[in-house]
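Chains as they are written, first to last, in UniProt numbering: chain A, 1 to 256; chain B, 1 to 537.
Just so you know, the hints here were simulated from the structure itself, not pulled from any lab data. Heads up, some of the hints might be wrong.
Below are the DSBU-like pairs computed for lysine-lysine, each with C-alpha atoms no more than 35 angstroms apart in a straight line [as the list claims (entries may be wrong)]:
hint: 1; chain 1: B; residue 1: LYS519; chain 2: B; residue 2: LYS477
hint: 2; chain 1: A; residue 1: LYS211; chain 2: A; residue 2: LYS184
hint: 3; chain 1: A; residue 1: LYS43; chain 2: A; residue 2: LYS98
hint: 4; chain 1: A; residue 1: LYS104; chain 2: B; residue 2: LYS271
hint: 5; chain 1: A; residue 1: LYS104; chain 2: B; residue 2: LYS297
hint: 6; chain 1: B; residue 1: LYS297; chain 2: A; residue 2: LYS98
hint: 7; chain 1: A; residue 1: LYS43; chain 2: B; residue 2: LYS519
hint: 8; chain 1: B; residue 1: LYS149; chain 2: A; residue 2: LYS110
hint: 9; chain 1: B; residue 1: LYS175; chain 2: A; residue 2: LYS106
hint: 10; chain 1: A; residue 1: LYS55; chain 2: A; residue 2: LYS104
hint: 11; chain 1: B; residue 1: LYS175; chain 2: B; residue 2: LYS158
hint: 12; chain 1: A; residue 1: LYS106; chain 2: A; residue 2: LYS43
hint: 13; chain 1: B; residue 1: LYS149; chain 2: B; residue 2: LYS193
hint: 14; chain 1: B; residue 1: LYS519; chain 2: B; residue 2: LYS508
hint: 15; chain 1: B; residue 1: LYS477; chain 2: A; residue 2: LYS43
hint: 16; chain 1: A; residue 1: LYS210; chain 2: A; residue 2: LYS55
hint: 17; chain 1: B; residue 1: LYS297; chain 2: B; residue 2: LYS271
hint: 18; chain 1: A; residue 1: LYS106; chain 2: A; residue 2: LYS184
hint: 19; chain 1: A; residue 1: LYS43; chain 2: A; residue 2: LYS104
hint: 20; chain 1: A; residue 1: LYS184; chain 2: A; residue 2: LYS98
hint: 21; chain 1: A; residue 1: LYS110; chain 2: B; residue 2: LYS297
hint: 22; chain 1: A; residue 1: LYS106; chain 2: A; residue 2: LYS211
hint: 23; chain 1: A; residue 1: LYS211; chain 2: A; residue 2: LYS55
hint: 24; chain 1: A; residue 1: LYS106; chain 2: A; residue 2: LYS55
hint: 25; chain 1: B; residue 1: LYS175; chain 2: B; residue 2: LYS197
hint: 26; chain 1: A; residue 1: LYS98; chain 2: A; residue 2: LYS210
hint: 27; chain 1: B; residue 1: LYS271; chain 2: A; residue 2: LYS106
Nothing here was measured: the structure is a model prediction, and the numbers come from that model.
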Amino acid sequence: MAESGSGTADKSVQVKLVLLGEAAVGKSSIVLRFVSNEFQANKEPTIGAAFLTQKCRLEDRVLRYEIWDTAGQERFHSLAPMYYRNAQAAVVVYDVTKASSLEKAKSWVKELQRQANPNIVIALAGNKLDLVQPSASSSGATSTPESEDEADDATATPGEAAAAGDQPESLRQVPRDEAEAYAKEAGLLFFETSAKTGDGVVEIFTEIAKKIPIEHILASSRGTGRPGAAGRTGGAQEGGVNLEENAAKSKDACNC
Amino acid sequence: MSDTHFNVIVLGTGLTESIAAAALSKAGFKVAHLDQNPYYGGDEASLTLDELIQWVDSNTTNEAHGKSAFHAQTAKFTSISHSGDLLPNSRQYSISLWPSIIPSTGPLISSLIGSGVSRYGGYKLLERIAVFSSGQVRNVPGSKEDVFKNKDLSLLEKRRLMRFLMFASGEFEGKPELEGNESSPFSEFLRAKFSLKDDVVEAVTYALAFCTSSADPTLPALHRIRRYLVSSGRYGASPFLIGQYGGAGEIAQGFCRASAVHGGVYILGRKIAAVSDSSDSSENPRLSVELEDLEDKLTCDLLVLSPNYVPSNLRSAAVTVSSDSERVNDDSPASVARCIAIFDGPIILPYSPAQPPAAAGEATEGDAASTESESHSKVDTAVLVFPPGSIEGGNATVAATVLLTGEGTMSSPTGKCIAYISIPALASDTSAETLLQPYLRATLASITQPGPQSVPLFSLFYLHHPPASPTSSSPPKLLVTPNASNLLPESMDSATKNAEAVFWEALKVLQSDGQEGGKAESFWPPLETQDEDEEGW
Ligand SMILES: Nc1nc2c(ncn2[C@@H]2O[C@H](COP(=O)(O)OP(=O)(O)OP(=O)(O)O)[C@@H](O)[C@H]2O)c(=O)[nH]1
Ligand SMILES: [Mg+2]
Numbered sequence: 001m002a003e004s005g006s007g008t009a010d011k012s013v014q015v016k017l018v019l020l021g022e023a024a025v026g027k028s029s030i031v032l033r034f035v036s037n038e039f040q041a042n043k044e045p046t047i048g049a050a051f052l053t054q055k056c057r058l059e060d061r062v063l064r065y066e067i068w069d070t071a072g073q074e075r076f077h078s079l080a081p082m083y084y085r086n087a088q089a090a091v092v093v094y095d096v097t098k099a100s101s102l103e104k105a106k107s108w109v110k111e112l113q114r115q116a117n118p119n120i121v122i123a124l125a126g127n128k129l130d131l132v133q134p135s136a137s138s139s140g141a142t143s144t145p146e147s148e149d150e151a152d153d154a155t156a157t158p159g160e161a162a163a164a165g166d167q168p169e170s171l172r173q174v175p176r177d178e179a180e181a182y183a184k185e186a187g188l189l190f191f192e193t194s195a196k197t198g199d200g201v202v203e204i205f206t207e208i209a210k211k212i213p214i215e216h217i218l219a220s221s222r223g224t225g226r227p228g229a230a231g232r233t234g235g236a237q238e239g240g241v242n243l244e245e246n247a248a249k250s251k252d253a254c255n256c
Numbered sequence: 001m002s003d004t005h006f007n008v009i010v011l012g013t014g015l016t017e018s019i020a021a022a023a024l025s026k027a028g029f030k031v032a033h034l035d036q037n038p039y040y041g042g043d044e045a046s047l048t049l050d051e052l053i054q055w056v057d058s059n060t061t062n063e064a065h066g067k068s069a070f071h072a073q074t075a076k077f078t079s080i081s082h083s084g085d086l087l088p089n090s091r092q093y094s095i096s097l098w099p100s101i102i103p104s105t106g107p108l109i110s111s112l113i114g115s116g117v118s119r120y121g122g123y124k125l126l127e128r129i130a131v132f133s134s135g136q137v138r139n140v141p142g143s144k145e146d147v148f149k150n151k152d153l154s155l156l157e158k159r160r161l162m163r164f165l166m167f168a169s170g171e172f173e174g175k176p177e178l179e180g181n182e183s184s185p186f187s188e189f190l191r192a193k194f195s196l197k198d199d200v201v202e203a204v205t206y207a208l209a210f211c212t213s214s215a216d217p218t219l220p221a222l223h224r225i226r227r228y229l230v231s232s233g234r235y236g237a238s239p240f241l242i243g244q245y246g247g248a249g250e251i252a253q254g255f256c257r258a259s260a261v262h263g264g265v266y267i268l269g270r271k272i273a274a275v276s277d278s279s280d281s282s283e284n285p286r287l288s289v290e291l292e293d294l295e296d297k298l299t300c301d302l303l304v305l306s307p308n309y310v311p312s313n314l315r316s317a318a319v320t321v322s323s324d325s326e327r328v329n330d331d332s333p334a335s336v337a338r339c340i341a342i343f344d345g346p347i348i349l350p351y352s353p354a355q356p357p358a359a360a361g362e363a364t365e366g367d368a369a370s371t372e373s374e375s376h377s378k379v380d381t382a383v384l385v386f387p388p389g390s391i392e393g394g395n396a397t398v399a400a401t402v403l404l405t406g407e408g409t410m411s412s413p414t415g416k417c418i419a420y421i422s423i424p425a426l427a428s429d430t431s432a433e434t435l436l437q438p439y440l441r442a443t444l445a446s447i448t449q450p451g452p453q454s455v456p457l458f459s460l461f462y463l464h465h466p467p468a469s470p471t472s473s474s475p476p477k478l479l480v481t482p483n484a485s486n487l488l489p490e491s492m493d494s495a496t497k498n499a500e501a502v503f504w505e506a507l508k509v510l511q512s513d514g515q516e517g518g519k520a521e522s523f524w525p526p527l528e529t530q531d532e533d534e535e536g537w
């Protein structure tokens with residue numbers, strides 16, 4: 001009976017993560033790649049925000065990312081603070097083919113450092129790397145909306161890969177060195193990624209996982225089961241609860 | 001619909017408004033949700049310590065009010081005093097302006113699950129309820145198991161208390177004990193019908209039923225106890241949950257997030273310059289809201305607003321929605337005196353054999369490592385109730401409640417704890433500090449290790465006077481959300497009930513307009529499988 005609250009809880013640690021960045025830099029695409037290993041060539045802009053979860057294994061422990069993907073085009077700038085407020089991690093995304101998006105990313109970083117939890121782990125991700133890579137494996141440079149994504153082979157047009165012959169480096173507007181130097185100076189993790197090919201995407205999340213002070217979260221997140229009275233001196237160990245558990249009525253309506 | 005026209009504009013991001021906004025967005029209406037504060041939650045917000053100090057400043061100077069579209073309010077917060085400065089890690093605090101605990105079954109939990117908002121936050125079981133009696137903190141025997149293992153009670157007392165708990169958890173309506181006593185004072189009822197002795201009566205009245213005075217009527221008290229008894233066991237032994245990251249304010253934000261996911265537009269931190277009614281032209285849109293620094297007016301068919309946002313020019317068109325008979329149209333809602341204090345943990349309470357359940361198996365290891373005596377244990381969350389007249393200098397007619405939260409609630413940095421003290425205030429009470437200082441002293445003296453811990457690092461006292469609710473008989477264009485209960489375990493449930501009433505009322509108005517877009521068969525439509533949600537829940 002006493003076990004009902006926490007007994008079935010898994011051993012994973014919840015990590016709240018928020019994605020920020022200018023519109024259309026590929027935030028939702030990065031999450032989609034991470035969560036479902038998919039890519040959509042013409043993903044609609046996010047309205048408001050979207051919530052997703054994904055587990056991430058790191059050595060012997062499992063993290064469960066609770067991800068808030070925000071809308072880059074939010075007009076009144078009122079939602080983002082709500083999402084980063086209690087976040088343990090943030091991924092700030094820019095587009096390597098668009099210089100202005102790095103400026104926007106920098107202003108997000110500033111805001112996070114001023115307003116968010118001081119322990120927040122911030123990663124800077126330069127996305128759309130495939131557009132500036134000559135590699136044959138990345139299909140086509142400038143993506144026509146219809147251009148195939150790798151999961152969608154049925155509609156792939158064989159001829160399109162030829163576009164890779166152009167000089168994709170010329171599309172690059174943010175040199176890697178420059179962004180990396182900034183990230184280092186600001187104390188951020190740094191990645192260049194492609195949601196399209198998947199390059200670098202999982203790495204963001206595993207590197208963040210390594211930097212998160214897990215013990216701190218473990219003490220109180222709801223899935224920790226029961227470390228017991230010996231676990232901490234502060235007595236913060238007991239009683240994390242998952243509301244959906246034991247909620248017999250909602251079982252059939254559960255969206256999962 | 002244009003960019004600036006909405007079915008509903010909701011003013012204020014308190015819990016009731018936020019739940020209503022989420023439900024309306026989910027029902028398919030186009031919603032804009034506004035708050036003049038730069039933070040979510042309104043008078044129910046959860047603030048970082050630096051935000052709380054700003055909150056103190058702006059409510060003390062009152063200059064923040066400036067020119068506003070709203071009813072000239074008598075000051076909502078008075079007698080504000082604080083001591084202690086900004087502490088380190090101030091942004092790791094999430095301090096609640098509306099401390100509450102949540103019964104494990106009830107409207108709020110149902111809405112959290114039904115809306116999916118439960119997934120956004122974290123919840124913990126309340127570990128302990130204790131009562132201050134005869135100069136000591138005692139555990140409250142709140143369940144059969146507690147009664148069984150209680151060492152302070154004689155066998156006869158145990159049997160009598162057990163009989164009462166059986167009675168209160170069952171179908172007491174129509175039972176002979178209750179007949180004719182429905183509105184007689186609950187404490188007398190306990191004495192007369194169940195022969196409980198004084199300290200047990202006290203514990204049951206104030207710490208099980210959460211009555212505020214000895215005159216509180218029997219029937220509502222029994223209803224509350226039954227709900228709490230039924231709640232225990234759902235998630236664990238304790239009937240109550242605590243919301244992490246600051247409770248009510250965080251939960252309100254969860255509903256705002258849900259509203260945003262369904263297209264709700266959010267505008268915070270902008271002064272509302274004017275609200276006007278343009279319905280004379282008998283054309284939609286009927287109402288418009290002007291924001292400072294925004295050229296376009298926002299227009300809507302219906303305004304839903306907290307009593308803080310009733311525009312003075314439209315007061316006669318505003319009607320307060322009522323959810324049940326309990327609290328209708330209070331013209332002068334009850335004031336509350338509150339204290340928020342930060343102190344060095346841990347929180348130490350008399351050891352309870354029955355709670356928390358985990359302690360039974362593993363407490364020995366922890367105790368071996370610490371210096372505390374076997375009779376005490378550390379907890380992360382607790383409620384401590386002071387019955388009337390329980391301390392010198394305290395109030396002799398009403399009870400004070402203290403909610404204690406530690407770092408495990410993710411609302412304070414490592415090692416720091418927060419005490420929230422509330423007591424009903426009368427018009428004659430002019431100083432929150434005078435009223436509450438004795439309780440703060442008694443609380444810290446009895447739950448911390450002796451020494452510097454019993455002096456708070458930061459303390460804030462104030463009186464909160466909820467705004468009066470307007471009434472109107474004309475067809476409503478402005479729906480005002482009613483004030484919620486201030487009882488610790490009832491407050492968020494009553495806000496949820498109010499939100500549902502507002503939701504249905506809004507639906508009526510919008511549908512009579514023949515609005516396209518929104519419809520609803522239930523408060524929360526079944527959660528559909530969302531492709532953005534992966535498995536693993
Ligand atoms: N070639 C290429 N295109 C990408 C990549 N990532 C995203 N895109 C495309 O860029 C467009 C915008 O991507 P989204 O993921 O919707 O961008 P977002 O940052 O979520 O945008 P908002 O939701 O409006 O803030 C879509 O058409 C994507 O297919 C990438 O790595 N490479
Ligand atoms: Mg997006």
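Now for the hints, and whether the structure bears them out:
Annotation: proposed proximity of LYS519 of chain B to LYS477 of chain B holds, straight-line Cα distance about 19 angstroms (limit 35 angstroms). Proximity of LYS211 of chain A to LYS184 of chain A is assessed by CA-CA distance (about 15 angstroms); at most 35 angstroms being required, the pair is judged to hold. Distance restraint check for LYS43 of chain A and LYS98 of chain A: the Cα-Cα separation of roughly 18 angstroms lies within the 35 angstroms cut-off, and the hinted pair is therefore satisfied. For the hint linking LYS104 of chain A to LYS271 of chain B, the alpha-carbon distance of about 26 angstroms falls within 35 angstroms, and the restraint holds.
For the hint pairing LYS104 of chain A with LYS297 of chain B, the CA-to-CA distance comes to about 28 angstroms; that is within 35 angstroms, so the pair holds. For the proposed pair LYS297 of chain B and LYS98 of chain A, the alpha carbon gap of about 34 angstroms is at most 35 angstroms, so the pair holds. A hinted pair counts as satisfied when its Cα atoms are at most 35 angstroms apart, and LYS43 of chain A with LYS519 of chain B qualifies at roughly 28 angstroms. Annotation: proposed proximity of LYS149 of chain B to LYS110 of chain A is violated, straight-line Cα distance about 56 angstroms (limit 35 angstroms).
Among the hinted pairs, LYS175 of chain B with LYS106 of chain A is inconsistent with the structure: their alpha-carbon atoms are about 69 angstroms apart, more than 35 angstroms. Proximity of LYS55 of chain A to LYS104 of chain A is assessed by CA-CA distance (about 29 angstroms); at most 35 angstroms being required, the pair is judged to hold. With a C-alpha separation of about 22 angstroms, the suggested pairing of LYS175 of chain B with LYS158 of chain B holds against the 35 angstroms cut-off. Among the hinted pairs, LYS106 of chain A with LYS43 of chain A is consistent with the structure: their alpha-carbon atoms are about 24 angstroms apart, no more than 35 angstroms.
The straight-line distance between the Cα atoms of LYS149 of chain B and LYS193 of chain B is roughly 24 angstroms, inside the 35 angstroms bound, and the hint therefore holds. At most 35 angstroms may separate the alpha-carbon atoms for a hinted pair to count; LYS519 of chain B and LYS508 of chain B meet this at roughly 10 angstroms. For the proposed pair LYS477 of chain B and LYS43 of chain A, the alpha carbon gap of about 39 angstroms is over 35 angstroms, so the pair is violated. A C-alpha spacing of about 14 angstroms is found between LYS210 of chain A and LYS55 of chain A, which places the hinted pair at or below 35 angstroms, so the restraint holds.
Restraint check for LYS297 of chain B and LYS271 of chain B: the C-alpha separation of about 13 angstroms stays at or below 35 angstroms, so the hint holds. For the suggested pair LYS106 of chain A and LYS184 of chain A, the alpha carbons sit about 13 angstroms apart, so the restraint of at most 35 angstroms is met. A distance of roughly 21 angstroms separates the Cα atoms of LYS43 of chain A and LYS104 of chain A; the hinted pair therefore holds under the 35 angstroms criterion. Between LYS184 of chain A and LYS98 of chain A the CA atoms are separated by roughly 20 angstroms; this keeps the pair inside 35 angstroms, and the hint holds.
Our distance criterion of 35 angstroms between C-alpha atoms is met by LYS110 of chain A and LYS297 of chain B, whose separation comes to about 32 angstroms. Proposed proximity of LYS106 of chain A and LYS211 of chain A is supported: the alpha carbons are some 21 angstroms apart, at most 35 angstroms. With a C-alpha separation of about 16 angstroms, the suggested pair LYS211 of chain A and LYS55 of chain A falls inside the 35 angstroms cut-off, and the hint holds. Distance restraint check for LYS106 of chain A and LYS55 of chain A: the Cα-Cα separation of roughly 28 angstroms lies within the 35 angstroms cut-off, and the hinted pair is therefore satisfied.
Only pairs whose Cα atoms come within 35 angstroms are accepted, and LYS175 of chain B paired with LYS197 of chain B is accepted, the gap being roughly 22 angstroms. Proximity of LYS98 of chain A to LYS210 of chain A is assessed by CA-CA distance (about 30 angstroms); at most 35 angstroms being required, the pair is judged to hold. Simply put, LYS271 of chain B and LYS106 of chain A have alpha-carbon atoms about 28 angstroms apart, close enough for the 35 angstroms limit, and the pair holds.
Against the hints set out earlier in the document, violations occur for numbers 8, 9, 15.
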